[in-house]
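Asks: Given chain L, work out where chain S should sit, using these hints.
Protein chains: 2
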Amino acid sequence: MSSDLLARLRLVRSPGIGPVTFRQLLMRFGSAEAALDAVPQLAARGGGKAPVMWSANQAEAEMARVEALGGRYLSIGQGLYPRALAELDSAPPLLIVKGDLRLLDKPMVAVVGARNASAAACRFARGLANDLGRDGVVVVSGLARGIDAATHDGAMQSGTIGCAAGGIDIFYPPENRERQTRMFEVGLVVSERPPGLEPRAKDFPRRNRIIAGLSQACVVVEAAPRSGSLITARMVAEAGREVMAVPGSPLDPRAQGCNQLIRDGATLIQSAADVLEGLRAPNLFASPRTPFEDAPVEMDASEDMRDRVVELLGPSPAPVDEIVRLSGASAGEVQLVLLELDLGGRLDRHAGGKVSLAAA
Amino acid sequence: MSSDLLARLRLVRSPGIGPVTFRQLLMRFGSAEAALDAVPQLAARGGGKAPVMWSANQAEAEMARVEALGGRYLSIGQGLYPRALAELDSAPPLLIVKGDLRLLDKPMVAVVGARNASAAACRFARGLANDLGRDGVVVVSGLARGIDAATHDGAMQSGTIGCAAGGIDIFYPPENRERQTRMFEVGLVVSERPPGLEPRAKDFPRRNRIIAGLSQACVVVEAAPRSGSLITARMVAEAGREVMAVPGSPLDPRAQGCNQLIRDGATLIQSAADVLEGLRAPNLFASPRTPFEDAPVEMDASEDMRDRVVELLGPSPAPVDEIVRLSGASAGEVQLVLLELDLGGRLDRHAGGKVSLAAA
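Here the protein sequences come in this chain order: L and S.
Number 216 in our numbering belongs to position 216 of the first sequence; there are no gaps in the numbering.
Number 1107 in our numbering belongs to position 107 of the second sequence; there are no gaps in the numbering.
These are calculated hints, taken from the structure and not from any lab test.
From the three backbone atoms N, C-alpha and C, an ideal C-beta is built for every residue, glycine too.
Hints are not guaranteed to be accurate.
Unchecked claim - Each pair of labels, with its calculated beta carbon distance range:
| # | chain 1 | residue 1 | chain 2 | residue 2 | range |
| --- | --- | --- | --- | --- | --- |
| 1 | S | Leu-1101 | L | Arg-226 | 44 to 50 Å |
| 2 | S | Pro-1174 | L | Ala-120 | 32 to 38 Å |
| 3 | L | Gly-314 | S | Gln-1157 | 53 to 59 Å |
| 4 | L | Ala-120 | S | Asn-1116 | 18 to 24 Å |
Said to hold, decoys possible - Covered by chain S, according to a simulated footprint, are these stretches of chain L (three or more residues, beta-carbon under 8 Å):
| # | stretch |
| --- | --- |
| 5 | 118 to 132 |
| 6 | 263 to 275 |
Same shape as in the complex, but just chain L:
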């Protein structure tokens, strides 16, 4: 077993080390192993007690379980890990995948929507997914009821990727068993969560960012106002991908979310051809930024600088750029202080790269 993977897994599963912190640690120390060694000291400098890190034994147990399931890990910045997903600031450091890995080399488009969608909308999603598959697109969705299920079914022959909110071996909802089992063979199932984990409420938006990150565009089919699909759409927009939506009659409450997306600038979609036309927009992936390609940053923050940054932080989220500017220090120095505070439990990270001081 790879010692790098082992160290990465120990970091990822340790409390308080989210995707952004993981990225910062790897940039600072150059490897997961070096980062693991450094965490206790960093946390102490940040003013907290050292987090209890996952042990090598725990990591080895999970890795054995994934292997037994026929799954494998993909590490951010390495090998088959999807480049589009790696572009997200909050990209999962590790993915567990099971199925046909060749699907990751093709252009991907997400199709998502309401769990309680109308029969007509499910039929539309199935047909759209089928047509997109014929056109060489891999269709990504969330393995939920309704639109997601219809989407996976429509693209089953051409290849479809399901993003699970829990472990890849959990069938949620239970009636997904047959579909998901088939996708282990002819599709691909992806999760950042450990095997055996039953998804809870907070796992669904986490999962949605993976759907957004994998895909060049996301088509929303039938979504009510304030529905989860609209949250996915927002994530898609924030990730700089194309938001697309299928319209419906204003008299149908289940269409109002999609109609509002279109009013807000989403591309109106009536067919796979419309989706492909939308993809001809500037290609995000022409010159991908590869994460972690730099040498580790050798630097220590001074006590003065640490105090200065803590002073600048408050309970309201502030952009890191602003903290850097006001501190008068280099971005690298400020990031290091933030990393220490983070590991010390004194920093909260927010959407859009904002940070605040954690409540004591």
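Replies: Okay, now just chain S, sitting in the frame of chain L:
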């Protein structure tokens, strides 16, 4: 009876004098009476025989009929003639109106759509028109079956304007009798065509430009691809007014025209509030251009210039601007030659201010 109105009516009803020619004549001669006198000579200079003009008797007979019907004329650039409509290059020189003229002082929005619309779409149009009326908007439509009828009904209480393709006294389709009769009282019926005229195919697009010209915005409710409503939408866009459309499921062929309009940039409408929000866009009517406010242009074109312009014209429509530029003459001089050729039957006028030599 006004002798100016009489002269205008004689001009308007004479063969070969369309709205653009009418406008040119009034700019050139300052009054309809002077223009009437000049037409034979202009036509002769343009190389054709003088058109047979409507006689004073014919005009008086029509005017008596309009009066007997309880209608009245509105002359472009005068009195109650709607300013927004006068902005169109092809604005009708005369309108015949019957009903509540105060409606012409309020902001107007058109609602149009398919004659064979679904019951749901008709219900939506009726509700939308009702809501717009409550918000102080006068709702304009085309007195057709389906969406138009539902629109007029929805706005009947607040005031609605129907643009007839034939004479104002013609009920087309026949089941409009009751609706249109009611609109003579509490709404307004508008036509540029003489009383008694049954509409023919070419009268409907003519009528549609009046709907477009009266309105700040036009909402299309349920329109199939290549339908008449889409032609109206194009006219609305050409007139610089807001095109708005109500979406529908891509599975419904009757929604595809509207969905395409939205893809092409029309504002997606789910409610009257959406329409009003769209109207907050830059106001077209803040500084209206008043037609015919200039003194008549005293000018005669030379023979040389006439030959030069004829040389520049061909069978393909060319922009007047280009003819002016290539001729080396002033715009006024070229317009005069074009007017002469027009009256002489040697010029065809096309959309977008283009002209071509008429087939011999």
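Asks: Going through the numbered hints above, which ones does this structure break? Give me the numbers in ascending order.
Replies: none
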